[in-house]
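**Q** Each residue of the sequence shown is one higher than the one before, counting from 2 in the numbering used here.
List of simulated lysine-lysine pairs, DSBU-like, C-alpha gap at most 35 Å:
#1 K183 / K223
#2 K225 / K183
#3 K126 / K225
#4 K126 / K194
#5 K209 / K183
#6 K126 / K183
#7 K223 / K126
#8 K194 / K225
#9 K194 / K223
#10 K183 / K194
Since the hints were made in silico from the structure, they are not lab data.
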Amino acid sequence: MDIVSPSSPSSFLEAFLSQADAAAESSSSQESLPQTTPEEQSTPAASSSSSEPEEAPSSQAPSQPEVSQSQEDIPIITGDNFLSRVEQGIIDEINAERASLGLGQLTYDVNLRSAARIRVRELYKNNYFDHTRPNGDPWQTVLRDEIPVSYAAAGENLASLEYNDPGLSYHTDPHWWFMEWKNSPSHYELICKPEIENIGVGVYYVKKDGVKYAFAAAIMTKNK
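My request is simple: use the sequences and hints to build the entire structure.
**A** Here it is in structure tokens:
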């Protein structure tokens, strides 16, 4: 992606919803994720940006695993590149919006956060932006292979940006990320679905050669 002027950060969006009960059996090969050196984070600053949504292709979800694992067996994804405060702030923004519409609050799920963090990390490390995995599998295989989660339906919202003004910190503003999704009909529809019950958000940030890169993912599920 090109480096753009600080007044117009490059931003992309993706939205996706899959039904687990219509799933077909699929196989996947897991890839190890390389490590990067954590980068220094900037001071928060509110901002706004235009975005161009991309329509996500339709896809069937993989068959669900038999969830016999205890929480101790499921990895919790951590790292200095993940912005925990921003992740929680995005959930707060989404729940405030749902409350204003008379919708139920989404419950924070640490496993969905781990899945979202895996997704944003692999988007950055593999320099791509899509609802598929680096090996071509559907995104929701993360809920089967790395972070086993049982669900009736699952949705994923994605957003990314890059900019090079050292005085701005779009990536640390939860409201900025929320408005990216709110201003896109497909993303807004997903976060406002009445049947959605759980949420986990991942935000991954790297500063490299004076350019700030950030990816956000929100994974939401309906219980079986």
